[in-house]
Amino acid sequence: MNYTILVIAFRYIRFILVFFSILTLFRGHNLPGGGFIGGLMASGAFIFQALALGVQSSKNSLRIKPSKLIASGLFLAILSTLPGFFAKGVFFAGTWVKIPLLFGATLKLGTPLLFDTGVYLSVTGVVLLLIFTLMEEWKWN
Amino acid sequence: MTIILLIIFLGAAGSLLIPRQLDRHKGILLSLLPLTAFVFYLIKGYHMKQVGPEITSIAWLPQLGLNITWLFDGVSLLFLFLVSGIGVLILIYSNSYMKHDEGRHRFYFFILLFMGAMLGLVLSGNLLVMFLFWELTSFTSYFLISFKHEYDKARQAAMQSLLITVMGGLALFAGILLLGQMGGTYELAELVEKGHLIRFHPHYFPALLLILAGVVTKSAQFPFHFWLPGAMQAPSPVSAYLHSATMVKAGIFLLARMSPIMGGTPEWKILVSLIGGLTMFVGAYLAITQTDLKAILAYTTISALGTLVLLFGIDTQLSVKAALIFLIVHAFYKASLFMVAGMIDHKTGTRDINLLGGLRRLMPKTTVVTVLALLSMAGLPPLLGFIGKELIYEAKIQTPGIASVVLILGVASNVFMVWVSAMFGYRTFFGKLGTTPKVANEKGWELLFGPSVLAFGSLALGLFTNSLGQLIELALSTVRAQPLHVEIHLWHGFNQVFLLSVITVAAGVFLFSIRQKLLPVLAKINSRFFAYRFADLFNRLLDNFVKFSKNKTAVIQHGYHRFYLMTILVVATAFVWFQIYVTRGWDIQYDFSPIPFYVLVLTLIMIFSALTAAFAQNRLTAIISMGVIGFGIALIYLFYGAVDLAITQILAETLTVVLFVLVIQKMPRYAKFSSRKSRVRDAIIALSSGSFVTILVLNALQIDYNDPISDFFIKNSLPGGFGENVVNVILVDFRALDTLGEITVLSVAALGVYTLIKMNKVRK
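Chains as they are written, first to last, in this note's numbering: chain A, 13 to 153; chain B, -18 to 745.
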């Protein structure tokens, strides 16, 4: 089946969704957003593609298997607990690095951001794994 | 101490990374690990007599009395030598034995893991840590027994041994906790000093029973002995290592550790020696009628373990000394016999003594080694087994009170042992050449290396007892908790004990010579009363238990989603309404801020869609109406400033609708609508649960927080978490552990769905 409207809409919407999901992830610490929301948005983009063009097409553009997304997400999350352990002796203790940029601005990078990225990846992976599996089972398209 | 253990554990993981080119020498390469450990312990043990026992402690969870304490004393030294020394030989043996096995990488991994666990177990100075290693040995044993997991029998035997040892382990854990409460510590070294306190404590007896349950199951004592013959499904190196030389000795090790703390009481003496004596006799008796080489060895192992338990039960200085020596004796001859049995199996293709025979012509070197080991098992001079047996007899003669019973059982068991040894050797290596599936040879030095070292070791230690005496002296002083001097002699002179030995050997040989007449009778008796009865009984018990829980589960887990929901809602409603009734929860002071016009409109839309969903004629309408409610809630969140919540709600709602649409398009149309009766019932449930939620929410407004926790988060979010978005800082910093748990649960759930659906496809 070919959903013309979906296919045309998808071309624009997927890009926007992915872009915003990443934006949401990074601004999450100070403004509404974060890994969980970002992950849901990113997965939404690929679900949209799967609905419009089929699971295989969506899988191809994702390039990485959802199960691997989950694994790498969990890995990043665990990884982010270690710097605190080695620096302060406490698991999960947030550790921050301040990188001075031009014009007096500073970029603050910390383990919570790494952790949030882990959340982002694993949430995306979980949702996509669930939906792809179900869609394949029911032979969508 | 810690480093050696780490080397073994890391070696287990590292064994999987050994490059393919070195595959042929894998066992020999890996044997360097236990060799390092052995040499290390040898050097440290050499100085122990001057330095004394060494205790190193690392705090782990001191609040619970949980420290990683290594207690390096005489007893642990004895066991460390056995575990690491025999480990070296086993790995060399495996190099040839497992060479062509597909699963050899798995094998090496688990056997090294076991080795680490066993070394940790005998080094532990803290009971809780010891328990951890204790369980780890059970698990690795499970994986090694089920090594050939494509065979039903292997899986069953593995499950049986796991269930029995783990149940015993659970009892042991309870016993350890009781012991810790009585003594106020889990440190062995401190508990020994509080021994008198524990022995007169009212909880002494239950604790003893629980700990003995652990010993009895782990060391395959009657009536839990049946898992050990079953465990012979494991590859021969495993049988030789775990199920004769080391793991089954863990129970004995525990007895040796408990002896200075709990030993010496009448309860200990009666219980322990009763169990041990029975096992000793039953094991030896059942060994005679076996025809499988490994089964014969398994039953003699049970008997030997019974002897060890009995000796700890007699609990005199002499008996403990005999036990410690016999421990070494048994490990030496039994490990070498198991390796030989495996080798014969490997080379001839069978382990049945009815098919074997005359192998001495094809395997002359093996014959010499086996005969030496068998002589040690039969307890003949000048081998180490002779010393062991003499000391055991001496200890039994001097048993206070029950010497005669113990002695008769002991002599009978030893007569059987002599008989079995004669049978094992004669039927395998002498007589006519048997018709075996393969023609035997002796190629592969690795196979014969271990048995020869151990067999000639028995001979050497029997003749030169000096170094053995020093080791036993250290161990005995630890068990008896006082410095003692030990000298071991091969020759004790012509005395009562020697007379008993002569009688034993004569009787054993005599019985062997008339076996043609005896064996059929015994086989008949055994098949009627003993054979496999215990294992069968256990299996039936297990089957019935599974059936029972299946029935119960079928009632509770009926599979109708609507009834699950109904159960949850009705129960919750009943409880909450009861509470509301008791506290007059409906008296709410209405003190609302004015509601904006658009919120009111939104609410009306939501109410309308809720009604639409309830009365919808097809699924799609219902789902979309539910979606409207979800989005409405998201908008309300937005009005009141909960932006994160609103976004999440919108996204979750979208996904839910997508999922629903996916599902329903594959479902049939509404075939039939609920009857009027059930609609009324559903309406009542829905209204009452909806109303209690409403009342709860209204009540929640009234609650006066003295110090809301949100203040803390708001205050600390920027300075502590460097974030202005409090919700996010809570998620990824303050409560990051919760979040980690949540994403893990999500991942597991997704993988569960994936496996269920994909597996179902495979089955079709």
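Rather than coming from a laboratory, the hints here were simulated on the basis of the structure. We treat Cβ as the ideally placed atom computed from N, Cα and C, and that holds for glycine. Be a bit skeptical, because a hint or two may be false.
Cβ-Cβ distance ranges computed for the label pairs, FRET-style [as the list claims (entries may be wrong)]: (1) N72(A) to A(-6)(B): 44 to 50 Å; (2) A(-6)(B) to F97(A): 16 to 22 Å; (3) L42(B) to K80(A): 31 to 37 Å; (4) L255(B) to F97(A): 35 to 41 Å.
* Asked: Hints broken by the structure, by number, lowest first?
  -> 1 and 4
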